[in-house]
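Chemist: What follows is the residue order along each chain.
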Amino acid sequence: MKATLIIINHNGRDLLAQSAPAALEAARKAGGHTVTVADDASSDDSIEFLSKSFPEVKVLALPKAGFGPACNSGVEAADTEAALILNNDAIVTPEFLEPLLEDLAEPDVFAVGCKFLNPDGSLTHALGNRTSGTWQGPLLRLHHETRPEMLKQTCPQLYPNGGAMAFWREKWLALGGFDPLFHPFYWEDVDIGYRAWARGWRVLYEPRSVVYHDQGSTMGRFHRPAHIELMSAKNALLFTWKNLLDTHLFRRALAAQARWGADDVLIGGLPHRTAALWRAFRQLRQAGRARAREQRERLRVDEEILALASGGDA
Amino acid sequence: MSDAARKTVLLLTFARRGEEEAIRQAMAALREAAPDAVIVAVGTPVSGPVLEHLGVDELIIYGDGRGARSVVREARARRPAAAAVVYWGPGFAGHLKLELLALLSGPPRVLRLAPETPVRAVGRSRLALSVLAKVVTAIALTAAGALVCGTALVCLRLRQALAGGHRAPRA
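In order, the protein sequences belong to chains A and B.
By this note's numbering, the letter at position 170 of the first sequence is numbered 170, and the numbering carries on one by one without gaps.
To get this note's numbering, take the position in the second sequence, counting from 1, and add 1000.
One thing to keep in mind: the hints can contain errors.
Unchecked claim - With a straight-line cut-off of 25 Å between C-alpha atoms, the simulated SDA-like cross-links for lysine to any residue are:
#, chain 1, residue 1, chain 2, residue 2
1, B, K1097, B, P1108
2, B, K1097, A, E229
3, B, K1097, A, I267
4, B, K1097, A, A255
5, B, K1097, A, Q136
6, B, K1097, A, L230
7, B, K1097, A, L139
If you're looking for bench data, these hints aren't it; they were derived computationally from the structure.
I would like the entire structure built from these sequences, with the hints used as guidance.
Modeler: Right, dumping it as structure tokens:
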């Protein structure tokens, strides 16, 4: 099986200096795979740097559209059975590719996620390792495993972290890729993982494929923390509106969402919940269309998806 | 000095993850202002060990079946000379639950501590005004949330019904 490693880049020339050679090395070591950089309209010299320093890297110069559309364009342009999406700050290890392709060989697997470590080698506390979720209160609460002893075997997980994930290109295209509903960022990887499970496929976690990733370092360069929190909350709401089809759970979640804005006052922190509700509401029509589409394609109910993704029986 | 003669200061914080530094700073400020004070923190079974580790003198635990009324009763029984509310910022936004707890616990003064903001001491009437304003805001936000989510529920369910209902056949 041949794969294309797609690095998503926006003004990350300095990050590419580390991530591109690491991806090239992994592709070479696994034998004859290609590396592409999907460049989201960088205004720095990323493209010139790549053509000078790494001429074997294919560059896809895209108009500015954001992370999700850049991923979608990169996957569409790939001509291999498998594809991988990598953030420009994700440093892969030389042996990371083979275990992923091994796991993808199983016919019902859609995607495989990697083991994420901080640059210092410690286990990352950002969502990424062996993900799972529970419908709790207004939103899908995401969990990830932080105990090293639980991260030694290949196992199911809810979604592969978009920072480094491998998948079947054909299945990605069948799912429609990352949904533009979640523009500009966050929750698109949760959404595609959830939808893959809903279609009867599986998503795996592969601890042998190690990636060093300073979660949020790219995001923090371009966006204020308040904006990141607002967008994440908006997309968490839209995820519910799009994907939660169980009537009882959906009603319960919306009742909790109605009270959610008041938490800005009751609890505190950055006052983003009311603003997120309003932002999500402005995308209600788009969410409705996505929900209808999801309903037509679904083969598993919500509780079954979460049970299977956490390694249990449905 | 005996414990009975020492003043009690209530430390009110949500003690969420990552807040240890803010609590440590709050504790240092309280120790400097009142070196002999007994610091009594209110925490959950989860945050309790963290607060103990940070050096509070006593801990009132709520949750696990213990309601707010019982916590308020226990806090009042200590006759606190002051309460310190640790905010997450920006400024003294949010934290209505903690302000309400501070108000009901009965201390004459409340210290408000927020990141990158000078400590502010307020009296009970000033705190009551803040609580009232926040209660009104919370009601307004809940009403707005109900309107938004009610509309979303109707629209999405309608769309679902028009598209043929939720079939969700099993794989």
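Chemist: Hints first: check each against the structure and report whether it holds.
Modeler: Do the hints match the structure? See the list:
no., hint, verdict
1, K1097/B - P1108/B, "holds (18 Å)"
2, K1097/B - E229/A, "holds (22 Å)"
3, K1097/B - I267/A, "holds (7 Å)"
4, K1097/B - A255/A, "holds (21 Å)"
5, K1097/B - Q136/A, "holds (21 Å)"
6, K1097/B - L230/A, "holds (23 Å)"
7, K1097/B - L139/A, "holds (22 Å)"
Checked against the numbered hints above, the structure breaks none of them.
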